[in-house]
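J.: Below are the chains, spelled out letter by letter.
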Amino acid sequence: MKLPKICILLGMLLLLYGCWNYREADSLFLVTGCGLDYDFEKDRYRMTVEIAAPEGSGKNVEIKPKILSADGDTVFDAVRNIIRISSKRLYWGHAQAYIIGRNLAEKSILPLLDWIIRDAEPRETVVLYISKCETAEEIFKEKIPSSRMLAYGIYEMTTSAVSVPKAPYVQVYQLYGMLTSDTGVAYVPAVDITREGGSFTPIVTGAALLDKERLAGFLSEEDTRSLLFLRDEIKGGILPVKTGSGPMSGYLSLEIFKSSTIVTPVFQEDRMSFKVKTALEVAVGGEYEQEKYLSADQTAELENICSQFLKNKLEDFISRLKQDYGLDAVGFGEVLKRRKPGLWKEVKSNWNEETFRDIDVQMDVKVTLRNTGQYLKGL
Amino acid sequence: MFRKRKRRTSIKPYRAGRFAGYRQGSPGAGGPEAGAPEAGGPEAGSPETGSPGTGSLTRSLEDNIALFRNIFQQDDTLTLRELDVPGFGKACLVMIDGMTDSDVVNDNIIQPVLMSGRVPVREPEDVGQPKVGEQLKAGGQPEVRGQLEVGGQLAVGGPPEGSRLPEDFKEGRAAWFQKCIIAAKAVSRSSDVSSLCQAVIDGDTVWLLENEPEGLIIDSKGWKTRAIDEPKTETVVMGPREGFNESLIMNLTLIRRRIKTPNLKFEFMLIGRRSRTRVCICYLKEIAKESNLRELRNRLEKIDIDGILSSSYLRELIMDSPYTPFDLTGTTERPDIVSANLLEGRLAVLVDGSPCAMMVPFLFVEYFQANDDYYTNFYFGSLNRILRILGFLFTISIPGLYLSLVTFHHEMVPSSLLMSIYAARQGLPFPTVIELIVMLLLFEILRESGTRLPAFMGQALSIVGALVIGQAAVEARLVSAPTVIVSATAGITELVIPRIKFPSIMIRVLLLLMSSLLGLYGFLFGLIGLLLHLVELRSFGVPYLQGIMSFKKQDLKDTVFRGPWWTMRTRPRNIAREGEWVRQQKGSGGTGK
Amino acid sequence: MPRQKEILSNWSGISLLGMFMMGTSIITMAGKDAGMDVLLALPMAAVANILLAFMYTRILTLYPGKSMMDLQEMIFGKLSKLFYLLTVWIALHVATMTLILFGEFIQVVSLPETPRYFICGFIAALAIWLVKDGLEVMGRWAGFAFPVFLLIITGVSLLSIEDIRLDTLGPFLSKGLHPLLTGTFPLIALGLAFFTEVFNHLGNSRKTFRVFLFGILLTTFSLFFVYLRNISVLGMSFTQSLYFPSYAAVGIINIGNFLQRIEVAVSVNFILVGFIRLSICLYVASKGISRLFGFQDHRAITAPVAFLVMAFTLFAFRNIVELSEWVNSTYPYYRVPFLFFLPLVTWVAGEIKARKDRRKATLPPAL
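Protein chains in written order, with my numbering: chain A, 510 to 888; chain B, 56 to 648; chain C, -11 to 355.
Derived from the structure by calculation, the hints contain no laboratory data.
All values derive from a computational prediction rather than experimental measurement.
Where hints are given, some of them may not hold.
[Stated by the list, open to error] Computed Cβ-Cβ distance ranges for the label pairs, DEER-style:
hint	chain 1	residue 1	chain 2	residue 2	range
1	B	Leu448	C	Pro103	23 to 33 Å
2	B	Lys556	A	Arg740	52 to 62 Å
3	A	Gly520	C	Pro103	41 to 51 Å
4	C	Tyr105	B	Glu635	47 to 57 Å
5	B	Thr506	C	Pro100	20 to 30 Å
6	C	Tyr105	A	Lys786	55 to 65 Å
7	A	Arg740	C	Ser312	26 to 36 Å
8	C	Glu101	B	Met293	56 to 66 Å
9	B	Leu448	C	Ser229	31 to 41 Å
10	C	Ser229	A	Arg780	35 to 45 Å
11	C	Ile38	A	Ser536	52 to 62 Å
[Said to hold, decoys possible] Below, a list of computed lysine to any residue pairs in the SDA-like style, where the Cα atoms sit at most 25 Å apart:
hint	chain 1	residue 1	chain 2	residue 2
12	A	Lys744	C	Asn242
13	A	Lys857	C	Ser225
14	A	Lys514	C	Phe42
15	A	Lys575	B	Ser470
16	A	Lys573	B	Ser471
17	A	Lys514	B	Glu633
18	A	Lys857	A	Val844
19	A	Lys575	B	Ala479
20	C	Lys195	B	Leu445
21	C	Lys163	A	Arg847
22	A	Lys767	C	Arg153
23	C	Lys163	A	Trp853
24	A	Lys849	C	His166
[To be verified] Beyond 10 Å from chain A on every Cβ pair, some chain B residues (computed):
hint	residue
25	Thr134
26	Val291
27	Phe433
28	Ile444
29	Thr462
30	Arg626
Glycine residues also receive a C-beta, built at the ideal position from the N, C-alpha and C atoms.
Kindly produce the complete structure, drawing on both the sequences and the hints.
T.: Quick look at the structure:
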């Protein structure tokens, strides 16, 4: 007697049939990325989105990027206002790059971050950027006409950071974790415009340092690399090492295979310091003065030189971090919290302002040479 | 145990007689109208019940012949051969043309009967067996030829030693003819008109004698049957190529030739008020479960239908859950599959006139098993099984999954793929769900028209199917290319297991509809429902899903994987009789494991 | 043919128990308020669960084949109706919460515009179907679905290995024992009490405790890995800030730009286990109600009970914020009288009665 019942149930279902969330792909515009600014004069948010818009008809439909922007009282309001221009609903599930203009970032990045996490469509794995230009809109508006999605280009520049560690790859969920940690220091990749071949192209370069929700400053590419070394985020890439002085002399490129950094707190008497142990496994990727480092003794010497070079870089970076920003981007505080939760409770309230500026850091860098490429002997 | 069984057919107190009884000359053991008021009228042919008449023969040959003529009015295939037997008077043979073997009738009935008149009257010698029978045995050739020779001897050399004369038989002359003259392998006497008529219909010859109230029923069945060839629908790469044909006895022989033990039992039943179809239950007595056998007999006996033309009729009449789209009985045209099933302790039902045997209990996992698995390398067999399971999963799920991905869960499709679907869908008139339903429908129409189409038209069909629907529709921007790909994939994978075709179509459409309501969640609810339905099904009390997803090592060997023969030491659980699960004793097999 | 006694196999029992216990924790991460200490709370809760299982096993084996309700009827007579009423109430309550969570989850993560009653209606219809088919079918269904569930959990957890940052774990017990206890309490599965109505159908009553034990251990292990994965992938603060951390944690998986966006696997898992949780509650509720009113067969009222639960979902909580707050703060204590003291009283009374019966049996007949 089951069949009639099931039939009745199915029939009732058909009566209830509503295509509540049924959305054809072509009834939407796919957003690939967006930029958020704040117009301080009008006191409104300004959202710029890049969408994938179809061009042509029949069989020759091509998907081309298209830039739209709209204002709104809140972020979500601005997002919805774009529909008035686009005529189709925007779909955010495939957006990858969310850029915040410098002007807004100096006030707060939270409006956008909150919307990304709260709304179901934007994913937790997207990357938030801070524009070095005043507004994020410039990044999109200065774009050379091409069929490539600009936002995807920016995103791919970041993910390729594995082989070019010049910008951090920080996904939104990681950013949230950093912002809600006790120190509240975070960093995100920065994006800028570069003039190349007569036209402006966006480029991901360095990192933006965040203090709680506010932009504290930008790190250069070199500093970003140091930061990534210290945070043990380096997975590969090239480390150029200067071994001599003068133009065209002494530069040597090391290809990084393996890198690990361990930070441990050390307590001596009443003084707290941190020991940073960085171990690197590299190969010589290229050198100008070919004959110089090819015997066994020379490689040991080379290792020493490189270690010293990197050590200087890192120490220099930490000291500037302490003096210029007073922000514990390296995460010494987190280490302390995990190792000495009791002590951390005492110092956490003014960690960035005072304690962090005072701590000693002992660097220990060890570079190990794995091979020298295919060369046994140079020219 | 069989509590899930729900019967739809009304149960009438009709008990189909066993064929075993019928062979002894009491066909039908009383129809539904037994004792009904149609007794003995000359027009006793009772078309409503299919039982040809009641009453008994009279002593008058004329009347008896008239009786038969009456019953078989307007049936011109009825053949009456009147004879004059010297010394006995008139006789008449009643048979149906085409149902009887002319050789048997001519050489084994007419000739001996005509010669019998020349038998000199002799003193009785003993009361032993009829000589004819002995000679038959000695000849060792129970064939027509052997009987011919016997007839010849009789004709030339006079009656053999020890033959007895009509006067010796107190039962009458008919008995003498039965025992001493007629050279057919089965002869019985009856005066019941209905059984005589039934015999004539079955292809036997009825022999009537003047002044004798009993007729002889002489086995002379013989008609042309299809040759034994490979079933078209179940071909194998390696393995036996014999298939059943429409003759029940021939089919039973094919099984018997594979399992040569007296424990192989064939029980006959008559089902169908009008068609009076012989149905045979086969089983291996020591292995088959007694309760299953009882249940099967019981269910078959309850069937009250006027005609059975194929075993599929029975299948629907005895299913545990009549509404399910899944098969709860196995079907095959191959004697090797039936034999394998019998050896696992299952029961087989064969129906006269149908080359399909039905086997119970049937488990879901058997859809995915093919006899080829057992005839080829076990790795290859396992691979094929996994492919079949994948094929089933694909065919039911691909359209629903595609629909929910592109209309509900855009975030799950990789960006680049979504872009191309997006481009392909620009400017299309119909929503994806309509596209899918129409394309699937078209595929099913193509498939159905191809099934019964003469081979020479097939080409036209494939051209229309492939070119017009596949390409032109996309070019004309009627449907999107991904939809065509999806529906074609679903259609092709459906054909991996032809047997599960209908359930797959039904599940696929249901899942598609559910997906159009709630996306992947609807799809998942559909799958939950499907699993629930499969779990609640039972075939003859055995859980339908038994053997799938079992963690017992022995169960896995013949389900998803086809284990090597030396590992399959036990029969599938719950099918064979309790304690009869061991198929191989320890130590058998190539590796001695 | 009279209905035969339904028999659960051991694996069915384990599957039902495991799926019931993981029910909602798998997606909401019950006890996550304890912070890092929740990882310690899990084994502690397991110990408590095993102790509870001792009690429930004892109730079931005092008179083998008798469920707790049977026992209550034997001991308390008319008074037992009160016990049934309390059990029915909590079963309805748990069913309502599960159903609301279903609706909320699907609505929040994927189908914001689809009305909740529609989603809940589907699940409730399936649950009615399952419960009507009886415990044996339910057990077999769970027996099939549980391995799928475990397979998905294992597979997804293996895929997230790349995102796991174990150095984010810790510090443990940084705020003393209090968070540990508050984290443990919601994880103690008092809902095991419902299984006193289920496990009397186990084929081998002597293995009741083993089924309990195995189910509890399996659940604890699975939950432990899920919790560990969520925390180490998302970080503690993000985990705590989400309603459905597992969903977010799996959404982060991205292997070679190919295996990504597979968070729907979490939905599948949640729906599988939540479905069983709902069905068990429905089963207990309809069984209790049919006893309350003296019906022969609980199947007849399964559908009305389910509709009742659906009606409850409409007004039980205003929104998920309220539900989540209630589940985290009030519910762990609210359920204690129903699911702990009630069985405790039954057990103690049952022990006394069983002892009396035994003495009666051994005493020589009175003169």
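J.: Grab the minimum beta-carbon distance between arginine 626 (chain B) and chain A and tell me whether it stays above 10 Å.
T.: Per Cβ check, arginine 626 (chain B) is outside 10 Å of chain A; nearest 32 Å; holds.
J.: For lysine 849 (chain A) and histidine 166 (chain C), compute the direct alpha-carbon distance and say whether it is at most 25 Å.
T.: holds, 19 Å
J.: Does the hinted range 52 to 62 Å hold for isoleucine 38 (chain C) and serine 536 (chain A) at CB?
T.: holds, 54 Å
J.: Tell me if the straight-line CA distance from lysine 744 (chain A) to asparagine 242 (chain C) falls inside 25 Å.
T.: Roughly 17 Å separates the two Cα atoms, so the pair holds.
J.: Holds or violated: lysine 514 (chain A) with glutamate 633 (chain B), Cα cutoff 25 Å?
T.: Distance of about 38 Å is beyond 25 Å: violated.
J.: Beyond 10 Å from every chain A Cβ: check whether that's true for isoleucine 444 (chain B).
T.: Isoleucine 444 (chain B) clear of chain A: closest Cβ-Cβ about 26 Å, beyond 10 Å.
J.: Could you grab the alpha-carbon distance between lysine 857 (chain A) and serine 225 (chain C) and see if it respects the 25 Å cut-off?
T.: holds, 17 Å
J.: Tell me if the straight-line CA distance from lysine 163 (chain C) to arginine 847 (chain A) falls inside 25 Å.
T.: It holds: about 13 Å lies between the C-alpha atoms, which stays within 25 Å.
J.: Take the C-beta atom of leucine 448 (chain B) and the C-beta atom of serine 229 (chain C), compute their distance, and say whether it sits inside 31 to 41 Å.
T.: holds, 38 Å
J.: Any Cβ of chain A at or closer than 10 Å to valine 291 (chain B), or is the non-interface label fine?
T.: holds, 36 Å
J.: Sort out whether serine 470 (chain B) lies within 25 Å of lysine 575 (chain A), counting only the CA atoms.
T.: Holds, at roughly 17 Å.
J.: So if I understand the rule, the pair passes when the alpha-carbon distance is 25 Å or less; does lysine 163 (chain C) with tryptophan 853 (chain A) pass?
T.: Holds: lysine 163 (chain C) and tryptophan 853 (chain A) sit about 12 Å apart, inside 25 Å.
This entry does not satisfy hints 3, 5, 14, 17, 20, 29, going by the numbered hints stated previously.
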